[in-house]
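2 protein chains.
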Amino acid sequence: MTKSAAIIGGGVIGGGWAARFLLNGWNVIVSDPDPETERKISEVLENARRSLPALLDNSVPQEGKLSFDTSLGEAVKDADWIQESVPERLEIKHKVFAEIQVNCRKDALIGSSTSGFKPSELQEGAANPAQIFVAHPFNPVYLLPLIELVGAPQTCARAKTALTEIGMKPLIVRQEIDAHIADRFLEAVWREALWLIKDGVATTEEIDDAIRFGFGLRWAQMGLFETYRVAGGEAGMAHFIEQFGPCLSWPWTKLMDVPELTDELVQKIADQSDQQSGMHSIRELERIRDDNLVTILRGLKARNWGAGQTLVEHEARTKPELPQDISKPLNTLNRVIPIDWTDYNGHMNESRYGLVFSDAGDIVMQMIGADQTYIDGGLSYFTVENLIQFRNETHPGEKVYVTTHVLQAEGKKLRLYHEMFRDGGELLCTCNQLLIHVSLETRRSCEPGPEMAAKMAALHEAQSKLPKSESLDR
Amino acid sequence: MTKSAAIIGGGVIGGGWAARFLLNGWNVIVSDPDPETERKISEVLENARRSLPALLDNSVPQEGKLSFDTSLGEAVKDADWIQESVPERLEIKHKVFAEIQVNCRKDALIGSSTSGFKPSELQEGAANPAQIFVAHPFNPVYLLPLIELVGAPQTCARAKTALTEIGMKPLIVRQEIDAHIADRFLEAVWREALWLIKDGVATTEEIDDAIRFGFGLRWAQMGLFETYRVAGGEAGMAHFIEQFGPCLSWPWTKLMDVPELTDELVQKIADQSDQQSGMHSIRELERIRDDNLVTILRGLKARNWGAGQTLVEHEARTKPELPQDISKPLNTLNRVIPIDWTDYNGHMNESRYGLVFSDAGDIVMQMIGADQTYIDGGLSYFTVENLIQFRNETHPGEKVYVTTHVLQAEGKKLRLYHEMFRDGGELLCTCNQLLIHVSLETRRSCEPGPEMAAKMAALHEAQSKLPKSESLDR
Numbered sequence: 004m005t006k007s008a009a010i011i012g013g014g015v016i017g018g019g020w021a022a023r024f025l026l027n028g029w030n031v032i033v034s035d036p037d038p039e040t041e042r043k044i045s046e047v048l049e050n051a052r053r054s055l056p057a058l059l060d061n062s063v064p065q066e067g068k069l070s071f072d073t074s075l076g077e078a079v080k081d082a083d084w085i086q087e088s089v090p091e092r093l094e095i096k097h098k099v100f101a102e103i104q105v106n107c108r109k110d111a112l113i114g115s116s117t118s119g120f121k122p123s124e125l126q127e128g129a130a131n132p133a134q135i136f137v138a139h140p141f142n143p144v145y146l147l148p149l150i151e152l153v154g155a156p157q158t159c160a161r162a163k164t165a166l167t168e169i170g171m172k173p174l175i176v177r178q179e180i181d182a183h184i185a186d187r188f189l190e191a192v193w194r195e196a197l198w199l200i201k202d203g204v205a206t207t208e209e210i211d212d213a214i215r216f217g218f219g220l221r222w223a224q225m226g227l228f229e230t231y232r233v234a235g236g237e238a239g240m241a242h243f244i245e246q247f248g249p250c251l252s253w254p255w256t257k258l259m260d261v262p263e264l265t266d267e268l269v270q271k272i273a274d275q276s277d278q279q280s281g282m283h284s285i286r287e288l289e290r291i292r293d294d295n296l297v298t299i300l301r302g303l304k305a306r307n308w309g310a311g312q313t314l315v316e317h318e319a320r321t322k323p324e325l326p327q328d329i330s331k332p333l334n335t336l337n338r339v340i341p342i343d344w345t346d347y348n349g350h351m352n353e354s355r356y357g358l359v360f361s362d363a364g365d366i367v368m369q370m371i372g373a374d375q376t377y378i379d380g381g382l383s384y385f386t387v388e389n390l391i392q393f394r395n396e397t398h399p400g401e402k403v404y405v406t407t408h409v410l411q412a413e414g415k416k417l418r419l420y421h422e423m424f425r426d427g428g429e430l431l432c433t434c435n436q437l438l439i440h441v442s443l444e445t446r447r448s449c450e451p452g453p454e455m456a457a458k459m460a461a462l463h464e465a466q467s468k469l470p471k472s473e474s475l476d477r
Numbered sequence: 004m005t006k007s008a009a010i011i012g013g014g015v016i017g018g019g020w021a022a023r024f025l026l027n028g029w030n031v032i033v034s035d036p037d038p039e040t041e042r043k044i045s046e047v048l049e050n051a052r053r054s055l056p057a058l059l060d061n062s063v064p065q066e067g068k069l070s071f072d073t074s075l076g077e078a079v080k081d082a083d084w085i086q087e088s089v090p091e092r093l094e095i096k097h098k099v100f101a102e103i104q105v106n107c108r109k110d111a112l113i114g115s116s117t118s119g120f121k122p123s124e125l126q127e128g129a130a131n132p133a134q135i136f137v138a139h140p141f142n143p144v145y146l147l148p149l150i151e152l153v154g155a156p157q158t159c160a161r162a163k164t165a166l167t168e169i170g171m172k173p174l175i176v177r178q179e180i181d182a183h184i185a186d187r188f189l190e191a192v193w194r195e196a197l198w199l200i201k202d203g204v205a206t207t208e209e210i211d212d213a214i215r216f217g218f219g220l221r222w223a224q225m226g227l228f229e230t231y232r233v234a235g236g237e238a239g240m241a242h243f244i245e246q247f248g249p250c251l252s253w254p255w256t257k258l259m260d261v262p263e264l265t266d267e268l269v270q271k272i273a274d275q276s277d278q279q280s281g282m283h284s285i286r287e288l289e290r291i292r293d294d295n296l297v298t299i300l301r302g303l304k305a306r307n308w309g310a311g312q313t314l315v316e317h318e319a320r321t322k323p324e325l326p327q328d329i330s331k332p333l334n335t336l337n338r339v340i341p342i343d344w345t346d347y348n349g350h351m352n353e354s355r356y357g358l359v360f361s362d363a364g365d366i367v368m369q370m371i372g373a374d375q376t377y378i379d380g381g382l383s384y385f386t387v388e389n390l391i392q393f394r395n396e397t398h399p400g401e402k403v404y405v406t407t408h409v410l411q412a413e414g415k416k417l418r419l420y421h422e423m424f425r426d427g428g429e430l431l432c433t434c435n436q437l438l439i440h441v442s443l444e445t446r447r448s449c450e451p452g453p454e455m456a457a458k459m460a461a462l463h464e465a466q467s468k469l470p471k472s473e474s475l476d477r
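These protein sequence lines map, in sequence, to chains A and B. Per this note's numbering, the first sequence starts with residue 4, numbered consecutively. Per this note's numbering, the second sequence starts with residue 4, numbered consecutively.
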């Protein structure tokens, strides 16, 4: 059954949560007294729709139903998950939790997006304290996988399962602490950065460059300790710490002290930030950020590493069934076109059609038994020839699908005719693809075994009765 | 004339510098008394050779000449750039600088890789203080673009020019300060991380995950301030700081205090790190890291953003000449195969051949005048058909080249026959490509103007005399 989430507080974070749930097939009710809520949420959703679905090379789930209800009690009534993202003031949060717990299901999960409060603080005076926990996300919530979970172990375990199902990476924090884990680092860096600006050592742009051209690239994939483990080399982590250790007592930071946020300092930062980024509107910056994140995440997915591994696992979990009915052209692919496939002509680069057809061919391979286990066993198919004919342009964010007619499946040969369509049925591109069964040991062609041959014969038999597509005769 | 660098100190950082210079065509002499230096440097070089050249889609420069000389005086004698990467002890560095300045050219640049010392400290007692400056790199030096430059303005300006030419991103630090800029942030995060581990709040793996699944992904592309500018939304940076501001005085960090590095704490960290990463050798981790970095950097390059923009600019600077002699098959592409083009069969995915041929086709387009300015003016070529025949497998790190025979260049039509070879001449793949001249406004075919038509005619005339390749008749 479709699950439902109630989002309490419809700002940037609440909107990000709404998008994450909706685009993973949950129904969502947003509750916020602000009359601008619907517009704000729709703006976040627009960003999310053009980025999140393209992270996966799978088809995406049917989007859930979005509704708005200013009555908090009504909004939470049937929800499986209730997410509080109201302002960071404890008395407001307590009031909201009280109202939620009067109205919600006893088995509902009640997460708080708080950056700083501990669960014990959130739970003060609650009717059912164990139901309330910290589920701290990172902006943009629809793209960044990390969620810090802090609270009762059983509640966190249930929350982890639900979040994993919507593609997130829940990190259960072992013991409650102010600001959980990540924000303690952000706080430390922020303090140091304020001093550097106040003292005129660096501008906002120079600080950003010092991060994103250097250690930011390392941290996106390995974090702090694994990076240092590598830097330490064969001598090991303990040796590395001993080397690095003495610097700790050097006066390299001004962290012991807090700069006063005078109007002058705030203005200095705002001016520098305008100088650095003012040529882009916030909307433009959001899209630049999202396109960058999608590109980095998709890159890490291809390496099956870090945040990319989360995507690989999510994709495996949401993998569509192989086509069952072989008496008609096979629906071998359904997907959204990602931003990183676009070229200087403003459309999907010709080479990416090859990737779409390569993926479609993989599905037919799997149907006859050439799956990852088969490949790991040392046998596979290699493509030896592709005739690709381009009919119409394809753009990022578009949904497309491929139907495949198996023209030949006998001996070592697999000849496939793929047609790629835009959602709605317009023909975009065709590919006549010849694959040959190979040994991965000799890297030469060889006959498949009897089991695969039987599957190929059945497929060949069923598909040979189909009329050839009009486009094939072109 | 080929430039030369002397690398004083052949550890991980010195080795990274050597690789960066060598693979950008400089000659390099390494000087280090350690008898293991040659082996150590060759290991770093092996890593660099499999990652750095694949960052660019251009051909790579001829690698420089590497030599070793234990005599520091001999090593620095003719060098344009001298880079000191000896241990972080001021008296050792002073001794090294004294010996360098007795022997080196007066116009040589003398950079120090120091993480912590200020130029004024390095220059103490030097014969020519202004010649010595901080050039602080980030590991792995052959991949990460950032270099912090601190020192005399004229020296830093010269250093910036030289480093930009080898693809780096020099950041001139406005005023000297302990640990420059980036390491102050690293120091702050490191302190906080030690406390979290000591207090049992998180393990090394949990801390790394809290970084790389969340803000690490943001920092790889926008850094700190631009990220917060976006998060702040339309209300602006000043408003954002005011919201965030009060937290500064909350007790969210333990930075005021330094944890004692007891044997017990060091062992705890080492054990956790083994648990987290011990299944990979350091060599494996280096390659995983490098493949991830290449993937992220290439992704950002496609977005022309951050560290990727540095690559775009470097690629433009090192762009090869268009083929001049049109009386023979055109050499339209020379490149190294990047890691992110490999698929589950352990070889270059079929779709990436399409990309190679798409890039080769672009060169022919440029030769007849369809360059970026032409495309910006609203006219371009679209590919309508590709027949790709795969002959042999291609692997990451391999050098390949493409020769193109222009079969037809008249009216709206451009028909190209591309052959892709492995370095050495083995045929890997062929592509018969048909392109059509289009208006980017109507997205329909149209005739090119007389200037382009004349260039096409000349190309057609010259190439029509060439014999057809044997592979074309297959």
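A couple of the hints might just be wrong.
A pair holds if it fits inside one copy or across any two, identical chains being indistinguishable in the list.
Unchecked claim - Listed next, the in silico DSS-like pairs over lysine-lysine satisfying Cα-Cα at most 30 Å (straight line):
hint, residue 1, residue 2
1, K416, K98
2, K163, K271
3, K201, K163
4, K471, K416
5, K468, K458
6, K322, K121
7, K68, K402
Quick caveat, the hints were computed from the structure, so don't treat them as lab data. If you're wondering where the values come from, they're calculated on a predicted model, not measured in any experiment.
Status of K163 relative to K201 across identical chains (alpha carbons, at most 30 Å): between (42 Å within a copy, 26 Å between copies)
Homo-oligomer pair classification [K458, K468; C-alpha up to 30 Å]: within (16 Å within a copy, 50 Å between copies)
K322 and K121: within-copy, between-copy, both or neither at 30 Å Cα: Intra 37 Å, inter 55 Å, cutoff 30 Å: neither.
Homo-oligomer pair classification [K271, K163; C-alpha up to 30 Å]: between (42 Å within a copy, 27 Å between copies)
Up to 30 Å CA-CA - K416 versus K471, copy category: both (19 Å within a copy, 29 Å between copies)
K416 and K98: within-copy, between-copy, both or neither at 30 Å Cα: neither (68 Å within a copy, 71 Å between copies)
Intra- versus inter-copy proximity for K402 and K68 (alpha-carbon distance at most 30 Å): within (19 Å within a copy, 51 Å between copies)
In summary, the structure is inconsistent with hints 1, 6 from the numbered list given earlier, while agreeing with the others.
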